[in-house]
Amino acid sequence: MAAGDDRIRRYYLFRAVTSFSLWIPFWTLWANNHLDSLFLLTVVDAAFWSTMICFQLPAGLLGDKYGRKAMLFIGEVLVVAGVMAFGFSTEFWEFLISNIVWATGICFVVSGDTPFLYDTLLELNRASEFIGVSAKAWSVMSVMTAVACVVGGVTVQWILPNRLDLTLIFSAFVALLGSFTVLLLKEPKVDRTKFGSFRIQLSVGWKQVISSRAILAVIAFQIVIEILLYVMAVFRSVYMNDDLNLNYFYIGLFIGSFTIVGGIVATQAGRIEHMLGEKKSLLFILIAIIGSFGIVFLMKSAWAIVIQYLIYGIASLVSPITNGYINRRVDSEHRSTVVSIATLLFTVVLAPIEIGFGFVATEWGTRESLLILALVAAPVGLFLLSIWFKEVDLSKPKTKKIRSLKQF
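Counting from 1, one number per residue, gives the positions in the sequence shown under this note's numbering.
Please keep in mind that the hints were generated in silico from the structure rather than gathered at the bench. Just to be clear, a hint being listed does not mean it is correct.
Capping the alpha-carbon separation at 16 Å, the derived lysine to aspartate or glutamate pairs in EDC-like fashion look like this [to be verified]:
(1) 189 / 393
(2) 69 / 393
(3) 186 / 6
(4) 280 / 187
(5) 65 / 333
(6) 65 / 331
(7) 279 / 187
(8) 69 / 187
Simulated DEER-style distance windows between Cβ atoms [said to hold, decoys possible]:
(9) 279 / 147: 33 to 39 Å
(10) 349 / 173: 20 to 26 Å
(11) 161 / 37: 21 to 27 Å
(12) 207 / 159: 52 to 58 Å
(13) 173 / 295: 38 to 44 Å
(14) 389 / 249: 44 to 50 Å
The beta-carbon is built from N, C-alpha and C at its ideal position, and this holds for glycine as well.
With these hints in hand, go ahead and build the complete structure from the sequences.
And the structure:
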């Protein structure tokens with residue numbers, strides 16, 4: 001048995017229990033039923049991301065100062081409160097407040113999650129396995145999410161028809177149990193004596209991001225891809241229900257099966273990255289996702305669902321691969337801060353884009369808005385990859401050519 005396997009299994013358990021989220025296919029439908037338009041839905045969701053803009057950096061600084069385990073526990077408890085409140089919401093302002101609480105919890109979870117795993121592997125002298133272990137954790141989460149989606153679909157279609165709110169409320173109780181699995185985790189040893197002050201820590205974190213074109217390029221690329229995937233995730237249930245006329249059971253079944261495919265592909269993230277290398281991995285992700293978006297949202301047919309399996313399969317590679325690249329270039333005592341900076345940049349860009357495309361979706365339709373988003377993202381992604389390619393080439397060790405004795 002490899003060193004630390006028990007610690008890694010406990011991390012998988014934590015991720016499994018906290019991923020049993022029945023609400024994933026139905027939260028947008030629940031909110032949309034009580035709001036007047038997709039535009040207002042995106043405004044409510046923008047409150048979530050605006051909160052993350054305010055609290056993500058403080059959460060990252062606290063994670064580096066006081067440890068990953070505490071941040072994970074606090075975050076999960078706040079997520080429980082936010083999800084529960086969202087399930088009881090029926091008014092615009094109620095959705096706003098619940099999203100603010102929910103987002104605050106996510107800030108703490110994000111600041112502790114990836115750094116916890118990487119520092120644990122680093123302590124076990126297994127840091128090179130980060131992409132593989134992260135991918136396996138993703139697959140565990142995907143299986144649990146898939147089961148939850150199907151259970152949620154069966155529940156709101158036949159057992160308790162149209163009670164979309166219960167998918168959120170029940171999920172909150174499961175997440176509360178999941179928060180206590182954090183107590184089973186062992187805090188990785190990180191030298192916190194180098195943490196002088198929050199201001200200095202933040203300054204050093206920013207410098208690590210800004211001074212490294214490689215880190216900045218991969219963070220920016222990750223932002224582009226994740227915005228594509230997130231905006232689609234916000235609209236997908238409404239799109240399936242309104243445009244494709246699927247009932248709640250099929251919505252839950254399809255979204256659940258998407259995550260299963262994603263989980264299976266995620267287990268191969270390390271192998272795929274090793275096979276393609278640092279340059280081609282990201283190019284493959286961009287081409288596959290943009291191409292799939294074009295096919296799915298040019299077709300107004302239930303057959304478009306089939307292509308979404310490719311989208312979710314490729315999407316499962318994004319986090320393990322890009323986070324692996326980032327973590328390899330950042331030291332442990334600043335890892336939570338840098339991850340929080342990356343998340344902050346994502347939220348700053350996402351909030352206005354989501355609201356803008358919420359307006360486009362209200363005026364023109366969800367299918368058209370997602371197609372436009374993909375067309376805009378393609379050239380931006382290619383530009384960022386051109387920078388990444390140069391940085392990868394520069395980071396390769398230069399070998400001197402040794403002249404053969406026969407040449408003399």
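Hints breached by this structure: 1, 2, 4, 7, 10
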